[in-house]
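Participant: Top to bottom, those sequences are chains A and B. All residue numbers in the first sequence are consecutive under the working numbering, ending with 1023. All residue numbers in the second sequence are consecutive under the working numbering, ending with 399.
Derived by calculation from the structure, the hints in this document are not laboratory data. Be a bit skeptical, because a hint or two may be false.
[As the list claims (entries may be wrong)] Keeping only pairs whose Cα atoms sit at most 30 angstroms apart, straight-line, the calculated BS3-like set for lysine-lysine is:
| # | chain 1 | residue 1 | chain 2 | residue 2 |
| --- | --- | --- | --- | --- |
| 1 | A | LYS817 | A | LYS609 |
| 2 | A | LYS630 | B | LYS69 |
| 3 | A | LYS750 | B | LYS79 |
| 4 | A | LYS989 | A | LYS817 |
| 5 | B | LYS107 | A | LYS770 |
| 6 | B | LYS17 | A | LYS986 |
| 7 | A | LYS985 | B | LYS19 |
| 8 | B | LYS18 | A | LYS817 |
| 9 | A | LYS750 | B | LYS203 |
| 10 | A | LYS985 | B | LYS18 |
| 11 | B | LYS18 | A | LYS986 |
| 12 | B | LYS367 | B | LYS331 |
| 13 | A | LYS984 | B | LYS17 |
| 14 | B | LYS17 | A | LYS750 |
| 15 | A | LYS750 | B | LYS96 |
| 16 | A | LYS696 | A | LYS817 |
| 17 | A | LYS984 | B | LYS18 |
| 18 | A | LYS860 | A | LYS902 |
| 19 | A | LYS609 | A | LYS856 |
| 20 | B | LYS134 | B | LYS367 |
| 21 | B | LYS18 | A | LYS750 |
| 22 | B | LYS79 | A | LYS630 |
| 23 | A | LYS817 | A | LYS985 |
| 24 | B | LYS123 | A | LYS770 |
| 25 | B | LYS79 | B | LYS49 |
| 26 | B | LYS367 | B | LYS96 |
| 27 | A | LYS989 | B | LYS17 |
| 28 | A | LYS750 | B | LYS19 |
| 29 | B | LYS19 | A | LYS984 |
| 30 | A | LYS860 | A | LYS906 |
| 31 | B | LYS18 | A | LYS989 |
| 32 | B | LYS19 | A | LYS817 |
| 33 | B | LYS19 | A | LYS989 |
| 34 | B | LYS19 | A | LYS986 |
| 35 | A | LYS740 | B | LYS19 |
| 36 | A | LYS985 | B | LYS17 |
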Amino acid sequence: MVFSSLTFLYYFLPIVMIVYILLPDRAAIGLPKRKKFIIPARNLLILLTGFFFYAWGEPFYVLLMLLSTAIDYTAGRLMYKYDNNQKMRTVFLVVSVCMNIGLLAVFKYSDFIFDSINGLFGTDITNPVILVNRAINNNIYDFGLSEDRVALPIGISFYTFQSMSYTIDLYMRKINVQKSFIAFTAYVTLFPQIVAGPIVRYEDVAAEIDERTVNINKISEGIGKFVKGLAKKVLLANNIGIIWTQIKAMDYSEISVATAWIGILAFTFQIYFDFSGYSDMAVGLGKMLGFNFPKNFDHPYMSKSISEFWRRWHITLGAWFREYVYIPLGGNRKGMGKTLRNLLIVWGLTGLWHGANWNFIVWGLYFGILIIIERLGWGKLLEKLPTVVSTLYTFLLVIFGWVLFDTNTLSDAFSYIGAMFGATGVLTDNTASYMFSTNIVIFALCIFASTDWFTTLVDVVKKKREKLVMYVTPVLMTVILLLCTSYLVDATYNPFLYFRF
Amino acid sequence: MKKKNRINAVNFITCIIFFAVLITFPVITVFTPKEKFSDMENRTLQTMPEASAKTIFDRSYMNKLETYISDHFAGRLSWIKGKTAVETAIGKYERNGIYILKDRLVEKIDEPDYTLIDKSIAAINTFAENNNVPIFFMLVPTSAEIYADQLPAVAPNVDQREIINYAYEGFSKGISTIDVYPTMMAGKFDYSYYRTDHHWTTYGAYLAYTAAGKQMCYTPSDIDMYDIEHASDSFLGSLYSKALYDGVEKDTIDIYHRTDGDNVTEVLVTSEFGKEPASYDSMYFRNYLDVKDKYSTFLGTNQPIVTIRTESNGGKLLMFKDSYAHCYVPFLTEHYSEITLVDMRYIQMSYKQLINPEDYDQVMFLYNASSFMSDINLRKLAYN
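Chain A on its own, in the form it takes in the complex (with noise of 0.2 angstroms):
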C-alpha cells in the first residue's frame, strides 16, 4: 500500500487511526506507569497494522521481514544475557548484521552479480535464488514468486538497516536491550517508514517505543506534515513526473537542447518532491502516533556545495552510513589518504544501496570525487564566491547526478549529456515549448517549493498577523486534502471508448 492511494488515505488511515486513539493510553485511565498490559495494546495495533500494511504489497515476504526481526530481537536478547561476553556479543553482532547483509545480497544485488559473472566470461549461470523460488512454487505453494528475475521485496533496504542500527548500538552499548518482542517489532514494522524511510535508527525512537503520548496538537501538527507531504507527491512530483517519462521515452539522438534541459529539470523536481514527500508523510504519519522521526530532507536545492547538499538530502541515509560505515573505517582522523579511502567507500556504497546497477554506483562514486575535491580545498574557495553562484554550480552538478542516476545505462546517460551540451544541434523545438508553455506552473510551484522562501513568508506574516495565519492553516489544508483526492480519484479515470467507431 502507498501512502497517496485512496485505499490506504481513505480507509487505512482513519480506521487505524480511530481505534489507536480509542485504545487505553496509561496515561489517560490513571494506571501506574509500568503496568505492562496497556502499552503493548497500541505497541500491539502498530504490529498488526504494519504487518497487514507491509503484506498488502508483499504477502509472501513479510515473512522475510518478520524473520528478520525475530533474528535481531533474538541477538539483541542475547548479547544482553552475555553482557559480559565479549566474544559472545560480537557472534551475536556478526550473526544480524550477516544476516541483513546477506537478505540484501540475495535479494537485491544477486541479478547483478550473476549478471557480471555471465557477462564477464561468458557463462550461464542461474541465480540461485531463482532455483530456490521455482522449488517454492513447484513443491510447497504456488506463490507467483518470480521465476525469471529475483523481485525485490519492498523496503527491504530500509528495515536492514533500521534493524542494523539496533544491533550495532546495542553492541557499541549507546541503546538499552528491548525486551519486549512486541515492541521491537512495532519499531521495524512501523507502517510510515516501513518502505520508504526515513531510516529512524532505533536510538531515535528507543524511548518513544515504550513511552509517548498522543494528544490534540501533536495529530494536528502530524496532519499539516501529512498533507504538506501529500501535496508534494500528488500535485507535484507526479504532474512533473509526466514530462520527464515521455522525454525519457525519446530518442537522446533526436531531442533538442531545450527539451533535454526540460527533461532532466522535471525530473530534478520529481524526485525530490517524491521521496521528500513521501518523508514528510512518513514524519506527520510518526507525529499522529506519536513518534518523533527524523528530518529527512531540508531544501536539498539550496545548498551551496555537494557536501551540504548532502546534509540535506535523505539526511537519514547519510547519518547512517557515517555513523556505521565512515566513523568505524576511521572517518577522517588517520590521515588524508585514509580519509579519501574512506569517502570512496561509503560514496560507492551510498550509490550502490540506490539499486544494483552501474549508473548508481558510477552516480554515488560521481559524488565521491565531488566531495573530495571541496574537502581539497575547492570547498573554500566556493565559500568565497556569491551565494547565486554557488548554488548554482551546486545545483547543475545534481541535475548532472541525476541523468546518471535515472537513465538506463551509461551509454545513455552520456548520450543525454551529449544533448544537454547540443550534441543533436537542435537548440529548441516544439516539443519543448509546448512542454514548457502548458506545465509552467508547476515548474514555477515545484522551483518556489525547493526553496525556503514559503517558510521565510509564513514567518513574517505571521509576525504581523498571526491570527489570520492560524485559521488559514486548516482551511488551506482542506483545500489541498481535497484537490490531492480529486488528482488521485482521477488517476483511475479510464475511458475506454470505441474511438474510431
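Given the coordinates of chain A, assemble chain B onto it according to the supplied hints.
Facilitator: Showing chain B alone in chain A's frame:
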C-alpha cells in the same frame, strides 16, 4: 493562556476536518448502490473481488480491491471534473488526448505511421485493379484540423491536409478522389462538427454530400428540401467522456427529413455472419436518443454489413466506411436504389465471399483522416 486556548481550538478543528473528510467519503461510498457499468468511460467497473490464498499471494486481490475502491469512490466523476477545471486554469489544454479549445473539444491525432498508410493504399489499388467498377474515395478532415487555428502554435497537431494529399497521390488513376477539405474548411463557422464528439454533424455531412455530387453524378438536394428535427440537444460525445470538461456547450443531434417524405423501404443489418439480417424500416434508431451514445441514432452502432433499400430508381452503391458515414448515408437515399455499407473491421474473410463489387454501379470509400491513417483493416481488401 488565551493564546494557548486558541491554538488548541484551531488544532482541534484541524483534526475534526481532516478525519471528517477521511470518514465521510468512504461512508458514502459504502452506503450508496454500486453501478456496474460506467457509461461515461464505456467500461465495466470492478466488482468486489473474492479473497483466496491464490488471489492474495499473486496480489490480484489487493489490486482489484484498490480498483474497486476507486471505481466506486463517492462522487467520482465530480472529483475528476474538479481536477480538469484546475488543470485548465493553470494553462493545460490537453487531457487524455483531447485538446480543450475555446468553445469545443478536438481529438489530438498522433503522428501518422506511413507504413500503415502505404499498406492501405496498396490494398485499395489492388482492389481497384481487381474490380471493374467506378471507385470514389472521400477522406474527411477531423475537427482538430479544421479548428487548428484555435490551438496554440506549439501544440503538436498533425497536418491532415498532408495526409489526405499523400493518400490521394498514392491512389491509382482509376480511383476518383473527392476533395472535401476546402468545403469543410469553408463550413468551419457553421455547425459542421460536434463540439464534444469526434464526428461531423449532420450538417457537416450535408456539406460533403453536396460537394461530392458532381463527381458521383447526382444533383444534390437543396437545404430547403429538408425539415430539420433537433432530436436531442443534450448530446455529450466521446471527446467529452475523455476530457470530462464542462466548459463546452452540449451538442445537438439533428435529423434531416426530406419534405417530400422518406423513401427508405428497408434497412437490413447483418451483425453476425451466417445469421439472417435484422430488418428495420428506418435508418434512425431513436432509442439511442435516450442514452449517452446519441450518435448511434444514425444507423445504430457499427455493424459488419448494412443494406439500405429505397424507392429510388437510381443505381446501386457499395460503401466501405467508418462511422462518419452514418449521418452521411441518409442524404444518398434519394439517389440510389440500394446502398450497402461494409465495415472492414468486422470482415475477417475475403470480401468476395460476401459481396461482388461488380454488382454495384459505384463503390465509395468514406473515412475520416484520423481513422484512415491508423487503419489496419483496409489492407484486407487485397485478399482474394
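Participant: Decide, hint by hint, whether the structure agrees.
Facilitator: Do the hints match the structure? See the list:
| no. | hint | in the structure |
| --- | --- | --- |
| 1 | A:LYS817 - A:LYS609 | violated, 36 angstroms |
| 2 | A:LYS630 - B:LYS69 | holds, 25 angstroms |
| 3 | A:LYS750 - B:LYS79 | holds, 29 angstroms |
| 4 | A:LYS989 - A:LYS817 | holds, 28 angstroms |
| 5 | B:LYS107 - A:LYS770 | holds, 21 angstroms |
| 6 | B:LYS17 - A:LYS986 | holds, 18 angstroms |
| 7 | A:LYS985 - B:LYS19 | holds, 16 angstroms |
| 8 | B:LYS18 - A:LYS817 | holds, 28 angstroms |
| 9 | A:LYS750 - B:LYS203 | violated, 47 angstroms |
| 10 | A:LYS985 - B:LYS18 | holds, 14 angstroms |
| 11 | B:LYS18 - A:LYS986 | holds, 15 angstroms |
| 12 | B:LYS367 - B:LYS331 | holds, 17 angstroms |
| 13 | A:LYS984 - B:LYS17 | holds, 17 angstroms |
| 14 | B:LYS17 - A:LYS750 | holds, 28 angstroms |
| 15 | A:LYS750 - B:LYS96 | holds, 23 angstroms |
| 16 | A:LYS696 - A:LYS817 | holds, 21 angstroms |
| 17 | A:LYS984 - B:LYS18 | holds, 14 angstroms |
| 18 | A:LYS860 - A:LYS902 | holds, 21 angstroms |
| 19 | A:LYS609 - A:LYS856 | holds, 27 angstroms |
| 20 | B:LYS134 - B:LYS367 | holds, 19 angstroms |
| 21 | B:LYS18 - A:LYS750 | holds, 25 angstroms |
| 22 | B:LYS79 - A:LYS630 | holds, 28 angstroms |
| 23 | A:LYS817 - A:LYS985 | holds, 25 angstroms |
| 24 | B:LYS123 - A:LYS770 | holds, 21 angstroms |
| 25 | B:LYS79 - B:LYS49 | holds, 15 angstroms |
| 26 | B:LYS367 - B:LYS96 | violated, 49 angstroms |
| 27 | A:LYS989 - B:LYS17 | holds, 12 angstroms |
| 28 | A:LYS750 - B:LYS19 | holds, 24 angstroms |
| 29 | B:LYS19 - A:LYS984 | holds, 15 angstroms |
| 30 | A:LYS860 - A:LYS906 | holds, 28 angstroms |
| 31 | B:LYS18 - A:LYS989 | holds, 9 angstroms |
| 32 | B:LYS19 - A:LYS817 | holds, 26 angstroms |
| 33 | B:LYS19 - A:LYS989 | holds, 12 angstroms |
| 34 | B:LYS19 - A:LYS986 | holds, 18 angstroms |
| 35 | A:LYS740 - B:LYS19 | holds, 14 angstroms |
| 36 | A:LYS985 - B:LYS17 | holds, 18 angstroms |
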